[in-house]
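> These are the residues of each chain, in order.
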Amino acid sequence: MADGDEPLRCRGMRDLLPGEMARYRQVEESFARVCGEWGYSEIRTPTIEFLHLFTATGTLSPQMLDRTYTFLDWDGWSGERVVLRPDATIPAARLYVENLPPGQIARFFYTQNVFRFSTGEESREDWQCGVELIGDLALAGDVELILLGRAVLERLGLEGLEVGLSHAGLVRTVLAAAGLDAAAQVTCYDRLLDGDLTALAEIEAELPDLKAPLHLLFDTEGGKAAYLANLQAAFLSAIPGMAKPLDDLEKICATLDRLGCDYQVQTTLVRNFEYYTGPVFEFRAGGRRVGSGGRYDDLMALVGGKGVPASGFALVVKELVSRSGPSPATGGDEAHWVVRPAGDDPDLLAAAFAAATRLRKDGKRTSFSAPSGEGGRWELTVGRQEGRLTYQLRDQRTGKTTSHGSPEDALIAAEATPDD
Amino acid sequence: MIRLALPAGDLRGPLGDLLRRAGLPVDEYAQGSRSYVVRAAPEDGIRLRVFREKDIPIQIALGNYDLGICGLAWVEDLIQRYPSDAVVPVRDLGLGYSSVYVAAAEGDSLAGWAGRPGLRIVSEFPNLAEAFARRLRLPAYRVFPVWGAAEVYPPEDADLAVIAAKDEDEVRSQGLVPAHRLLEGSAWLVANRDSLAGNDLSAVLEPLLALRGGGDGPPALSLPVASAVGRMPSGERSSAGRKDVVRLALPDGHQQKHTAAALAAAGLRISDYDGETAAPRPRAEMPGLEVKVIRPQDMPQQVALGHFDLAISGRDWLRDHRYQFPASPVEEAVDLGVGRYSIAAVVSEDSPARNLEEALGQWQKEGRGTVRVASEYVNIADHCARSRHLPRYKVIPISGASEGFVPEDAEVLIEGTETGATLAANRLKVIERIFESTTCLIAHQGPVSDRRRRLQAEVVEMLRRSAAGGRA
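Residue numbers (my numbering), protein chains in the order written: chain G, 1 to 420; chain A, 1 to 472.
Just so you know, the hints here were simulated from the structure itself, not pulled from any lab data. Treat the hints with caution; some may be incorrect.
What the hints assert, rightly or not - Computed cross-link-like contacts, SDA-like style, restricted to lysine to any residue with a CA-CA straight-line distance of at most 20 Å: (1) A/K394 with G/Y69; (2) A/K365 with G/E6; (3) G/K224 with G/D194; (4) G/K306 with A/A140; (5) A/K394 with G/C10; (6) G/K306 with G/G103; (7) A/K257 with A/G337; (8) G/K306 with A/P117; (9) A/K394 with A/G337; (10) A/K257 with A/S342.
Extracted from the complex, chain G is given alone in its bound form (with noise of 0.2 Å):
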């Protein structure tokens, strides 16, 4: 029998107390406003969706799908499952193909959260501002994100930027040219993540067409486009299927060299393997990384649609909270008024409510509180007297009281007093 002192909060859930709440929607807003500015469209998606959008091959990977959560709805007894949505672009593929023309240029971006399972405390529920860029706009689009990432990321204060870049197709075509069916390519990516360089070797065996050691392509970090021209003297000749990868990234290099956009290119940085098809990235502020995304050109087709391609990307916003410099201001103590009635009879409540809503109407921040409690800065009475309504202004800052006929008096007398 667990005893009573058991948590009342789930494990791996978070509360956001109001100051983190207001930190949280600082970042969700200006987020919104450079994805506003930018020509996006916000949309939201379900939170719970059917469990096979994400289990076919391509979409998520088999280590992501074990710590999904999914289960049988109360019409489930046909035995198809749910999940909580543990990814929220393939939602939003899926929201493509049910209701938009396929082929349509569409610009998403969404404040979503994503559940997944993690063990112990660590978070089972993180927020994402992520954005989709659907439709055929071949490198632009991905030029475009990464802008649009790295102006969020400046719109947000946060220091120490840096974009590292890198192609799916390099280290699959690699991989494919060893030999490695399309698992056993996963396999092998995830040992090179892992840092196995002896799986290096292995590929190495399979291609003695090799001019170039492999850790040219795989341990090496921070290239810039003369990297890339490197890669091409060094891999092409023998893996000519790299032609392609390597052609995109030097155009996306160009592109990024010319606006001035600093990047790191790093071949390793693919994470989802079997997800992305085309160019990848990653944005990081003081060597952390805070947000991910790449091209997917196949997930329209995997969710039901037409083959279009798209490419997105996510910021986790715990992250971004966490740089975005200091809480933003509530409204606070200072500019706050409480309005309260001097006893509790209809008239008197009535004339308070009344009061308070012509403040807020004056866009001053004011809350009503009952006679015994607290007080902001302003502190606006309700009575009577001698049969006729009081307004009794109380500055909490001198403790001067001054009494008025109407709230509107009362607000020309506190807008009058000096703020010092």
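Given the structure of chain G, go ahead and fit chain A onto it with the hints provided.
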């Protein structure tokens, strides 16, 4: 006190011998006693309890028991669903060797299955089946957990069955073809992680770890890999095409006797199905009536799915299903009026409570933060707990051997009881009767073809007349 959970069933004999050889005080268990609460002398410092094998990993995970012994498949099934759970496999005891196979009615390669959308997989090991489906990247698959008889579902009612069998020959002897072996192993000693870390379990661990024999490799699930990345080819749903027949599911187990008698009384002659024996696919004399024997617990969902038009099950299982899926298209067609028992809330005889309210008050007074409700009827138990406004509660799913759960492993049991004699023998008492269950004919509400409707109506009418006559 070390709490040790031991399995009922086939393992009992060989495991009893092994434990006795290890010098553990298990005479009553080893002698094959039918009792589920095995008395061990307190001076031995061990409390034994016998469970259905399937329930042992759950009891260990809950921390109700420190150590347990059961087949590896049940442990792996739990770990697959709850990987961070508190169950630690400690040692292979080398007993009751068995494998878990993915099997189909007809031979087919895994690559062939991988491309098929809407594949139906049936299993007593639903989490192993899920892991298999996920790893194979099956599009829009369905896993149907069943209480038993998974092997009879393919090909009509499932495409694949994930079943336990000694070897491939045993799979074939059930009319199936093994497609992939997911797991092989024998009975394991398993421990609760916290108990292992904090309690002195050496009195049991030491003699068992000192035994010779048994495997030594860590248990490993052998999952296939998706053979191709990219869009899966769309294919036909593999369910056997519906014939112009009415399909009737008949129960095995306790309800078999009542059912055979009711069918005979109604004049529905079915060979290979009587009070004692049941073939998996008995033959009905009535033209157009096709019969299969499955577990009564699984019938409501199978009827809802349209795999069967009719089934003879208990009202208890129909209600359990409807509580989980209120919109399910399955209904009670005929109350056969036999196999009558109450579904009731049961507590320890020592409790002064006369009803559930008093029991709740008592538990609250004793400062119990969470009420543990054990039941085979998970959804009835959950519904009961919700509708009676229980405070924090846990429903502990059990697959049988329920008499020993209260009071040590649960506060209340939601249980079927006929005369109350078994409860009294186990020092338990009913504090609330929830509803009366009888054996019923259940039917799918959906539209059927004219011919099938006529045939279905005929079967329903025969059983209705017979049941009404029996009650008159």
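> Hints first: check each against the structure and report whether it holds.
Here is how each hint holds up against the structure:
1. For the hint linking A/K394 to G/Y69, the alpha-carbon distance of about 19 Å falls within 20 Å, and the restraint holds.
2. Restraint check for A/K365 and G/E6: satisfied, since their Cα atoms lie roughly 17 Å apart, inside the 20 Å limit.
3. Distance hint between G/K224 and G/D194 is unfulfilled; the C-alpha atoms sit about 24 Å from each other, more than 20 Å.
4. Among the hinted pairs, G/K306 with A/A140 is consistent with the structure: their alpha-carbon atoms are about 18 Å apart, no more than 20 Å.
5. Restraint check: the Cα-Cα separation between A/K394 and G/C10 comes to about 14 Å, which is no more than 20 Å; the hinted pair holds.
6. Straight-line distance between C-alpha atoms of G/K306 and G/G103 comes to about 8 Å, which keeps the hinted pair within the 20 Å bound.
7. Under the criterion of a C-alpha separation no larger than 20 Å, the hint pairing A/K257 with A/G337 is consistent with the structure, at around 13 Å.
8. This hinted pair checks out: G/K306 and A/P117 have alpha carbons roughly 18 Å apart, not beyond 20 Å.
9. This hinted pair does not check out: A/K394 and A/G337 have alpha carbons roughly 33 Å apart, beyond 20 Å.
10. Only pairs whose Cα atoms come within 20 Å are accepted, and A/K257 paired with A/S342 is accepted, the gap being roughly 19 Å.
Going down the numbered hints, you'll see the structure goes against 3, 9, while the others check out.
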